[in-house]
Amino acid sequence: MPRTSLADILIDTGDLTPDQRARAEELSAERQLPLSEVLLRQHMVSDDALLRAQGRQLGLTYWKELPDSEFDVTLMHRVPLVFARQHKLVPLRMQDGAALVAISRALDLQPLDDVSLLLKAPVEPVLSSEREIISALNRFYDSGSQTAANVIQNLDDETLGRLAHDLEGPQDILDHEAEAPIIQLVNLILSQAVRDRASDIHIEPFERTLKVRYRVDGVLHEVLSPPKALQPRITSRLKVMADLNIAETRLPQDGRIAIRVRNREIDIRVSVVPTAFGERLVLRLLDKSGALFELEEIGFSADLLPAYSRLIHRSHGIILVTGPTGSGKSTTLYATLQRINSPQLNIITVEDPIEYQINGVGQIHVNPKIDLTFANGLRSILRQDPDVIMVGEIRDRETAEIAIQASLTGHLVLSTLHTNDAASAVTRLLDMGVEPFLISSSVLAMMAQRLVRLLCPECRQPGKPERESLRELGLEPNAADIPEGQWFISRGCNGCRGTGYRGRTGIYELLLVDDPIRRLIMEQANASMLRGGAIERGMRPLLQDGARKVLEGRTTAEEVLRVTQDDD
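Taken in order, the sequence shown gives residues -2 to 565; the numbers are from the numbering used here.
No lab work stands behind these hints, which were simulated from the structure alone. Do not rely on the hints blindly, as some may be mistaken.
Said to hold, decoys possible - Listed below are the simulated SDA-like cross-link pairs for lysine to any residue, each with C-alpha atoms no more than 20 Å apart in a straight line:
1) Lys61 <-> Leu104
2) Lys285 <-> Asp264
3) Lys85 <-> Arg261
4) Lys366 <-> Ser268
5) Lys208 <-> Leu104
6) Lys208 <-> Ser233
7) Lys366 <-> Ser377
8) Lys285 <-> Tyr305
9) Lys285 <-> Asp193
10) Lys117 <-> Val70
11) Lys208 <-> Asp240
12) Lys61 <-> His84
13) Lys61 <-> Pro77
14) Lys85 <-> Glu22
15) Lys285 <-> Gly323
16) Lys208 <-> Lys285
17) Lys85 <-> Ala46
18) Lys117 <-> Glu127
19) Lys208 <-> Arg277
20) Lys285 <-> Gly500
21) Lys225 <-> Ser196
22) Lys117 <-> Arg136
23) Lys285 <-> Ser196
Could you put together the complete structure from these sequences and hints?
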């Protein structure tokens, strides 16, 4: 009995019309492509519908999802990652003496013979989407039995003496089959940091120990303590990867590493400084393949977003985003550029470094070695007929005055300052030597921000607020108004690695420069007077915005107080 055609099955399931079938068959013959490929390219059927139909045609089970409970990681690791990715397949588990293997290419069964040889067992294929298979490979191939701790335990005196060799890059370090244990150890340190969402890796030498710490959601956690004897080899390996001078151990050095981890492009900035007990390294990780955030996703409240949106659509003036290092200022500026970016605007930035590429925006990277500073870059930008200018940071009077002149001549300027609150931005500009009348006539608003950790949704639990926490958040008079179950505390689980938190969001205070604030600036009022005047005119301070997010069940009082307690 002849096998039912794929097109007949799709028509029978209602996923394809006869007219679409005729058109697809015509294109298949004309372009000499398989019918299935034409159906997908022309968006006539979805990937899921096609796989379901192929499964019915070939007598194979279709799995829409590949749940974690179905995987035997030990079995998976017997198939090389490079091979699995190339053929879009993943071993699942043993079932009735056969290895269950998910495949996305229903008609490409030849690789299953190789999998059978690798696993030394017959293979039973099931169909799943390429998206699900790649997701499974990314989740599990760096979470198996091979860990940095295992590599350290398996090192002996002979392997300790091996020289680290170079890693051609960028390539996916999980595909790297190097036998050198130090290379494996460094690769595992990097890949685990990416998996744990770390923003920084600290490799810190002490008199008798070496510590590796990750900064996750703004907080450092110790993850590894390799033997002190490995210190020079780990340091040399990372310096080789960053193209630094491994013979120079007395001077600070800076470099970069480009790698791929779990099919994600990671840019790493490497800083090396000499200490009494050896070179200390800090690696800043930047996921270049990560999606840019929208303003709604970074913590803007419903009443703050409209006010900020009106500001960023102004034709000229300066908007300053303030806060300490690591408070999310760059993310806010990128989200702002995303919001206003359009073919009608010429947007140019000068940054150090360029963290994300934005389509349609001209981005300049600062390079002090060739005298391309923020100030010089800004001067050049003004000759490019810009509508919107983003300056990564105002560091000196020269940059501040050029930015102000740009705003006064019809440009919208976005920039950052390192200050604790919004009002202190004026004080900082005055300290730089900028005239008060220039500040009052050019600055539209100053927005301070912090990042607070979000409660892990898997393990957060209702709690009872402590009176001291309520008082410090400014909520004590309204304590009775907090409904039961609205106050949450952190607990900790495997999903958040016992911290009780997963991810971060912003808290903000937006100081609008209106006529009363301008008068205070002209009078060179101090930051406290400016802050008081702004609060009288409706500004919600950082602490109050944080308290609102506590009452929304998104974070904790302790977390808000941790990031705001130095602002008073």
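Hint by hint, here is what the structure shows:
Among the hinted pairs, Lys61 with Leu104 is consistent with the structure: their alpha-carbon atoms are about 18 Å apart, no more than 20 Å. The suggested pairing of Lys285 with Asp264 holds, with an alpha-carbon distance near 7 Å, which does not exceed 20 Å. For a cut-off of 20 Å, the pair hint linking Lys85 to Arg261 stands: about 17 Å separates their Cα positions. This hinted pair checks out: Lys366 and Ser268 have alpha carbons roughly 17 Å apart, not beyond 20 Å.
Proximity of Lys208 to Leu104 is assessed by CA-CA distance (about 50 Å); at most 20 Å being required, the pair is judged violated. Proximity of Lys208 to Ser233 is assessed by CA-CA distance (about 16 Å); at most 20 Å being required, the pair is judged to hold. A distance of roughly 17 Å separates the Cα atoms of Lys366 and Ser377; the hinted pair therefore holds under the 20 Å criterion. At roughly 27 Å between alpha-carbon atoms, Lys285 and Tyr305 are farther apart than 20 Å, so this suggested pair is violated.
Proximity of Lys285 to Asp193 is assessed by CA-CA distance (about 16 Å); at most 20 Å being required, the pair is judged to hold. In summary, the hint linking Lys117 to Val70 is supported, as the alpha carbons are separated by about 16 Å, within the 20 Å threshold. Between Lys208 and Asp240, the direct Cα distance comes to roughly 23 Å. Violation of the 20 Å bound is thereby established for this hinted pair. This hinted pair checks out: Lys61 and His84 have alpha carbons roughly 19 Å apart, not beyond 20 Å.
Between Lys61 and Pro77, the direct Cα distance comes to roughly 24 Å. Violation of the 20 Å bound is thereby established for this hinted pair. Between the alpha carbons of Lys85 and Glu22 the distance comes to roughly 26 Å, so the proposed pair goes past 20 Å and is violated. For the hint pairing Lys285 with Gly323, the CA-to-CA distance comes to about 17 Å; that is within 20 Å, so the pair holds. Taking the CA atoms of Lys208 and Lys285, the gap is near 27 Å; set against the 20 Å cutoff, the hint is violated.
Distance check on the hinted pair: Lys85 and Ala46 sit about 18 Å apart at the alpha-carbon level, within 20 Å; holds. Between Lys117 and Glu127, the direct Cα distance comes to roughly 25 Å. Violation of the 20 Å bound is thereby established for this hinted pair. The straight-line distance between the Cα atoms of Lys208 and Arg277 is roughly 10 Å, inside the 20 Å bound, and the hint therefore holds. Straight-line distance between C-alpha atoms of Lys285 and Gly500 comes to about 18 Å, which keeps the hinted pair within the 20 Å bound.
About 25 Å separates the Cα atoms of Lys225 and Ser196, which puts this hinted pair outside 20 Å; it is violated. Proposed proximity of Lys117 and Arg136 is contradicted: the alpha carbons are some 24 Å apart, above 20 Å. The suggested pairing of Lys285 with Ser196 holds, with an alpha-carbon distance near 12 Å, which does not exceed 20 Å.
Going through the hint list in order, the structure does not satisfy hints 5, 8, 11, 13, 14, 16, 18, 21, 22.
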